[in-house]
Amino acid sequence: MEAIQNLIQGFSVAASPLNIIWMISGAFLGTVLGMLPGIGPSTGVALLLPLTFAMKPETALITMCAIYYGAMFGGSRSSILLNVPGDGAAVASCFDGYPMARNGQAETALAISAIASFIGGLISTIIFVFLALPVARFALKFGPPEYFALMVFALAATASISKEALLKGLLSLLLGLMITTVGIDLQSGVHRFTFGVMELQTGIDFVVVIIGIYGIGEVFKNFETIGSAGARAIQSKFKRIWITMEQWKRSIVPILRQTPVGFLIGVLPGAGGTIAAMMAYNNEKQLSKEPERFGKGAIEGLAAPEAANNAASVGALIPMMTLGVPGSGTTAIMLGALMILGLQPGPLLFQQHPEVAWGVIASMFLGNIVCAIINLPLAGLLVRVLSVPPRILYPLIVALAFMGVYTINFSVVDFYLLVIFGIIGYFMKKYKVPTAPLILAVVVGSSMEQSFRQSLMLSDGSLKIFFRSGISVVLLILAAVSIIYPFLSDWIKKKRQRISSGI
Amino acid sequence: MIVGIAGILVGVVYSIQALQLPKATIGNPWAPIYFPAALGILMTAIGIVIVAVELSKGRAADKGKGKDRGDRGYVKLILGTIIICIFYALIFDRIGFIVSTLLFLGGILFLINGLRAWKMNTAITAAFTFGIWYIFEKILMISLP
Numbered sequence: 001m002e003a004i005q006n007l008i009q010g011f012s013v014a015a016s017p018l019n020i021i022w023m024i025s026g027a028f029l030g031t032v033l034g035m036l037p038g039i040g041p042s043t044g045v046a047l048l049l050p051l052t053f054a055m056k057p058e059t060a061l062i063t064m065c066a067i068y069y070g071a072m073f074g075g076s077r078s079s080i081l082l083n084v085p086g087d088g089a090a091v092a093s094c095f096d097g098y099p100m101a102r103n104g105q106a107e108t109a110l111a112i113s114a115i116a117s118f119i120g121g122l123i124s125t126i127i128f129v130f131l132a133l134p135v136a137r138f139a140l141k142f143g144p145p146e147y148f149a150l151m152v153f154a155l156a157a158t159a160s161i162s163k164e165a166l167l168k169g170l171l172s173l174l175l176g177l178m179i180t181t182v183g184i185d186l187q188s189g190v191h192r193f194t195f196g197v198m199e200l201q202t203g204i205d206f207v208v209v210i211i212g213i214y215g216i217g218e219v220f221k222n223f224e225t226i227g228s229a230g231a232r233a234i235q236s237k238f239k240r241i242w243i244t245m246e247q248w249k250r251s252i253v254p255i256l257r258q259t260p261v262g263f264l265i266g267v268l269p270g271a272g273g274t275i276a277a278m279m280a281y282n283n284e285k286q287l288s289k290e291p292e293r294f295g296k297g298a299i300e301g302l303a304a305p306e307a308a309n310n311a312a313s314v315g316a317l318i319p320m321m322t323l324g325v326p327g328s329g330t331t332a333i334m335l336g337a338l339m340i341l342g343l344q345p346g347p348l349l350f351q352q353h354p355e356v357a358w359g360v361i362a363s364m365f366l367g368n369i370v371c372a373i374i375n376l377p378l379a380g381l382l383v384r385v386l387s388v389p390p391r392i393l394y395p396l397i398v399a400l401a402f403m404g405v406y407t408i409n410f411s412v413v414d415f416y417l418l419v420i421f422g423i424i425g426y427f428m429k430k431y432k433v434p435t436a437p438l439i440l441a442v443v444v445g446s447s448m449e450q451s452f453r454q455s456l457m458l459s460d461g462s463l464k465i466f467f468r469s470g471i472s473v474v475l476l477i478l479a480a481v482s483i484i485y486p487f488l489s490d491w492i493k494k495k496r497q498r499i500s501s502g503i
Numbered sequence: 001m002i003v004g005i006a007g008i009l010v011g012v013v014y015s016i017q018a019l020q021l022p023k024a025t026i027g028n029p030w031a032p033i034y035f036p037a038a039l040g041i042l043m044t045a046i047g048i049v050i051v052a053v054e055l056s057k058g059r060a061a062d063k064g065k066g067k068d069r070g071d072r073g074y075v076k077l078i079l080g081t082i083i084i085c086i087f088y089a090l091i092f093d094r095i096g097f098i099v100s101t102l103l104f105l106g107g108i109l110f111l112i113n114g115l116r117a118w119k120m121n122t123a124i125t126a127a128f129t130f131g132i133w134y135i136f137e138k139i140l141m142i143s144l145p
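In order, the protein sequence lines correspond to chains A and B.
Each residue of the first sequence is one higher than the last, beginning at 1 in full-length UniProt numbering.
Each residue of the second sequence is one higher than the last, beginning at 1 in full-length UniProt numbering.
Careful, some of the hints might be misleading.
[Said to hold, decoys possible] With a straight-line Cα cutoff of 25 Å, these simulated DSS-like cross-link-like pairs (lysine-lysine) come out:
hint	chain 1	residue 1	chain 2	residue 2
1	A	464	A	141
2	A	429	B	76
3	B	138	A	56
4	A	221	A	432
5	B	57	A	430
If you're looking for bench data, these hints aren't it; they were derived computationally from the structure.
From just these sequences and the hints, can you work out the full model?
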């Protein structure tokens with residue numbers, strides 16, 4: 001009941017005219033940015049981040065959430081119409097979405113992806129409402145050692161999605177943590193890695209790192225294909241974007257089944273929209289009586305991943321808002337933005353700033369409705385954005401990135417840093433080093449070091465403190481498991497193959 | 001392989017720098033150093049593991065990589081953009097926002113689209129520069145150099 005009361009209060013915050021205007025603008029901008037190939041939710045939120053500096057915290061978070069799920073809605077448009085996913089989470093939408101468009105069912109495909117996204121987002125927001133308070137209350141028991149263990153787990157899980165990527169993920173993670181050690185050490189006043197540059201004393205702003213890696217790095221990577229990605233022919237005339245009763249019946253069960261799956265994957269650190277969508281697609285294919293239809297334009301093959309990736313994007317907000325530890329690149333950026341505004345997300349957010357916490361949750365209900373409107377009746381109009389040639393788009397993104405970075409400190413030093421991180425981001429993408437661990441590390445790095453050192457002060461320098469409470473032991477074990485697991489599963493697979501080939 | 005070597009290099013240089021950091025004058029003198037030193041050593045170790053893993057895979061896998069496609073035009077684009085960005089940082093405070101941004105965005109657009117599309121390039125550059133200037137100066141009330 002308490003949750004419902006809080007939620008009603010939240011609606012009064014979310015429904016203020018200013019918040020509604022920003023929510024609609026955020027959803028609109030997010031949808032448009034999400035549609036553009038190569039620009040996903042994280043790049044979208046990163047590029048638009050400077051917009052929020054002048055806002056009140058709740059408005060800022062409402063806007064960023066709207067950009068986030070707007071981008072999740074929009075990401076599938078280019079999957080369906082061009083077979084080019086807007087981001088990783090929309091890859092699974094290509095499998096059946098594009099064949100549907102080729103079969104002359106573009107309207108149905110656009111409609112079901114928006115409907116599935118809407119239902120997925122709505123149901124997971126309801127789950128969010130009931131889960132937020134218990135998780136936040138539990139997290140109140142956390143002291144510095146538990147927080148340190150939790151951050152180790154979140155970082156380890158993000159770095160270890162696959163065995164191939166694990167080592168590179170760890171490298172990316174360590175690089176991120178190294179970036180956070182630049183500047184004056186808050187506890188001792190020692191200058192670390194400032195090389196005599198005055199602007200570096202306050203540390204490297206993570207916004208610069210984020211915009212450099214996602215914005216500039218992404219543009220450089222896209223330069224590789226800019227020659228071949230000429231003008232794309234795109235369907236711009238649509239009949240009514242809607243579905244039939246029969247199609248609805250086919251899709252509703254997969255949507256309802258895969259929403260909780262997506263939500264759960266979103267809550268776990270590391271995994272995210274991409275894995276949620278892939279898993280939902282494979283689940284439905286296995287459950288289907290006619291799996292041979294998948295990949296040839298099966299409507300449930302599009303509905304399931306669309307519901308799951310939106311559910312995952314809502315789920316990913318749980319650790320960020322209730323624990324103050326983000327589980328993905330995008331939520332790390334949002335956490336960082338809140339810190340800039342002087343708010344520390346985490347369990348205390350629900351006690352000290354309920355208007356922010358519940359206002360944002362309430363806004364997600366309204367935002368989903370806004371996104372559904374943007375993506376159903378207006379979809380035909382919006383997809384024309386896809387015909388903007390990349391040759392114009394990318395230079396504008398570079399210029400926007402510079403403007404955004406300038407608003408942080410009004411310092412040209414950030415321009416140089418932006419270029420450096422753009423180059424780092426480009427090479428990371430080129431050599432397939434995952435960037436999410438770095439972003440996560442840059443955002444939580446200094447609080448991680450602080451809680452590590454606070455713990456050591458509490459224990460007079462003994463590392464045993466991290467093994468004293470059950471919570472931190474469990475979290476550290478989970479961190480170890482998430483690093484060892486990819487190796488273990490690989491080893492088991494090989495062993496099984498050997499046994500089966502031996503017989 | 002390159003990633004591993006880069007990891008080792010960054011790790012070693014960073015570790016050396018970390019160990020040379022000034023000690024704290026209050027509390028444990030090594031307190032500001034533990035965390036960075038651990039990061040540097042871990043990074044070096046992971047770099048070595050990556051190189052070792054790549055070496056153990058053998059060179060068979062490397063052979064396929066030799067066939068890089070002829071399209072190398074993007075290197076010119078990336079390098080050109082980087083140079084224009086650095087130039088922008090150098091002139092921004094000296095000659096002011098409007099002139100430097102016109103040169104900056106115009107430079108990148110001409111670099112990518114060539115001289116033939118000069119009408120479009122000029123129009124976009126001017127629209128963006130004056131648009132941003134208007135938003136900053138008149139709406140956000142932030143004065144630009």
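Here's how the hints hold up against the structure:
1. A:464 / A:141: 19 Å, holds
2. A:429 / B:76: Distance ~18 Å between residue 429 of chain A and residue 76 of chain B Cα, so the pair holds.
3. B:138 / A:56: Holds. Residue 138 of chain B to residue 56 of chain A sits at ~21 Å (cutoff 25 Å).
4. A:221 / A:432: Holds, because 11 Å separates the two Cα atoms, which is no more than 25 Å.
5. B:57 / A:430: 20 Å, holds
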